[in-house]
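Undergrad: Single-letter residue listing:
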Amino acid sequence: MGDFVDTIIRFLSNPNNQDRLLRMVTQHVYLALLPVVFGIVFAIGLGWIGTRVPGLRTPTVMVGNLLYTVPSLALFVILPGIIGTRILNPINVVIALTIYSTALLVRPVIDALGSVPGDVLASATAMGYRPVRRFFAVELPLAVPVLTAGTRVASASNISMVSVGALIGVGGLGVLFTDGYSRGFPGEIVIGIVLTLLLALTVDFLLVLLRWWFTPWQRAGRSSPAGGEQV
Amino acid sequence: VIAAAVEYLLDPGFWLGRVVEHVRITFVALGLAILVAFPLGLYVGETGRGATVLVGFTNAMRALPTLGLVTFLYLILRDTYVTAVLGLVVLAVPPVLAGTYSGLQACDEGVTDAAQGVGMSRWQRLSRVKLPIATPILFGGIRNALLQLVATATVAAYIGLGGLGRLLIDGLAVQDYPQMLTGAVLTALLAIVLDLLFAAVQRATVPTGVALAAAGGTQSDTKGDNE
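Sequence order for the protein chains is L and Z.
The numbering used here puts the first residue of the first sequence at 1, with every later residue one more than the last.
The numbering used here puts the first residue of the second sequence at 1, with every later residue one more than the last.
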């Protein structure tokens, strides 16, 4: 056990490895979180359409569930066949994870937007809010608690799924797993797992902070109109 | 490329054995995971003991990288099958646990009070009132576990496990994209088919009253929220 810890410390104190780890973490963040940002934008867009055209709600949710069912490695491999990218291109991972994030977020967003009380909408309209401004200033902020709950799930699962990309040669912390495996060095894998978990924890904490920042009315001691929807 | 993949797909002899292997390991792991997680979830849900630990644990597990878990376990255990089963069970326990626990949590207190009022014992309340009410969410958890298993069994081909992941990993090794595409399409189809199958089982087992209440209520989550 002492030897094992020693090998990890030796690995971590090598400046070359430090550089490599830093690059991997950076790439991991970008591969995991860029899709979350895209996913939020798409889910809000689809949610906007879904609440205005009621017939679209069920099909949107169904397609979302279906896409979410496809295993990540399979999607990483199928995408290049559909969009014509090369298989080792990191863009495949970004697109695949964007699909998952959108699929995960779209239903809660539609539900949250659909559950804004009618009198709130009526008051906003009476105050002179036009539909687009009302959406961004009233409906969307009320959906923030639901949106952050979904975003926390999406970013945690993306951060863990990016590692699978190492199997098709896309970097990030997953390279530590394939590398540690082929060299028979469990210490490297442990470093990868710990860094992944730390990354997920940090991002989760930041999202909780963001939610606090964006929902001042919930701090006033009353529950918000959308409060019942919190997951 | 597509034509070559279609040719593979039209030749069941090429992949049928892999599908069987994949399904077998998925169900072995799911069975073991339910065996571990269901009683534990019942215990936590009934007594409320360890609920915070459980919620924190299931959330943290979501970020655990499957590839890291599987490669690490392999280097320690040096046995493909044992590693794969253990790794898969570890990943399938949290969703089943969360599903059982939140299923019990979803029971209205008034309902259990009423059950007690008509003279039901604790065991009767659990088996005849709470569990039937919990079934939709419980099934949500089991289906999440199933999807996680199908996906991870694919990844475990990297450490030598059979199943559809073989087509992906072997195809990549020899630069045979059609073979990879075949494996990927079949994995996706398998996941969808198994999920639909479990959805059908769910529809058949959820008591009509519970299904009606769920449909009439505020569309409470059966799939996403217990994840």
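Accuracy of the hints is not assured; some may be wrong.
[As the list claims (entries may be wrong)] Example chain L residues on the side facing chain Z (calculated, C-beta under 7 Å, incomplete): (1) Thr69; (2) Val70; (3) Val77; (4) Gly118; (5) Thr196; (6) Leu197.
[As the list claims (entries may be wrong)] A few chain Z positions that, by computed beta-carbon distances, are all more than 10 Å from chain L: (7) Glu7; (8) Val28; (9) Tyr43; (10) Thr71; (11) Phe72; (12) Asp170; (13) Met180; (14) Asp195.
[Stated by the list, open to error] Simulated coverage check for chain L against chain Z, where a stretch passes if three residues somewhere in it have a Cβ under 8 Å from a Cβ of chain Z: (15) 14-28; (16) 90-97; (17) 186-194.
Treat the hints as calculated values from the structure; they're not laboratory data.
All C-beta atoms in this analysis are idealised placements derived from N, C-alpha and C, irrespective of residue type, glycine included.
Undergrad: Next, verify each hint and record whether it holds.
TA: The hints, checked one at a time:
1. Thr69: holds (5 Å)
2. Val70: holds (4 Å)
3. Val77: Check passed: Cβ of Val77(L) comes within 4 Å of chain Z, closer than 7 Å.
4. Gly118: Result: violated, 15 Å to nearest chain Z Cβ.
5. Thr196: At about 5 Å, which falls below the 7 Å cut-off, the nearest Cβ of chain Z leaves the hint on Thr196(L) intact, so it holds.
6. Leu197: Leu197(L) check passes; min Cβ-Cβ to chain Z is 6 Å, inside 7 Å.
7. Glu7: For Glu7(Z), whose nearest Cβ neighbour in chain L is about 14 Å away, the distance exceeds 10 Å, so it holds.
8. Val28: Label holds. Min Cβ-Cβ 18 Å, cutoff 10 Å.
9. Tyr43: holds (24 Å)
10. Thr71: violated (4 Å)
11. Phe72: Its Cβ does come within 10 Å of chain L, the nearest being 4 Å, so this is violated.
12. Asp170: The claim stands: Asp170(Z) keeps its Cβ more than 10 Å from every Cβ of chain L (closest is about 12 Å).
13. Met180: violated (5 Å)
14. Asp195: violated (5 Å)
15. 14-28: Check failed, 0 qualifying residues.
16. 90-97: Contact hint for the region 90-97 of chain L vs chain Z: violated, 0 residues under 8 Å.
17. 186-194: Contact hint for the region 186-194 of chain L vs chain Z: holds, 5 residues under 8 Å.
Hint violations for this structure: numbers 4, 10, 11, 13, 14, 15 and 16, all remaining hints satisfied.
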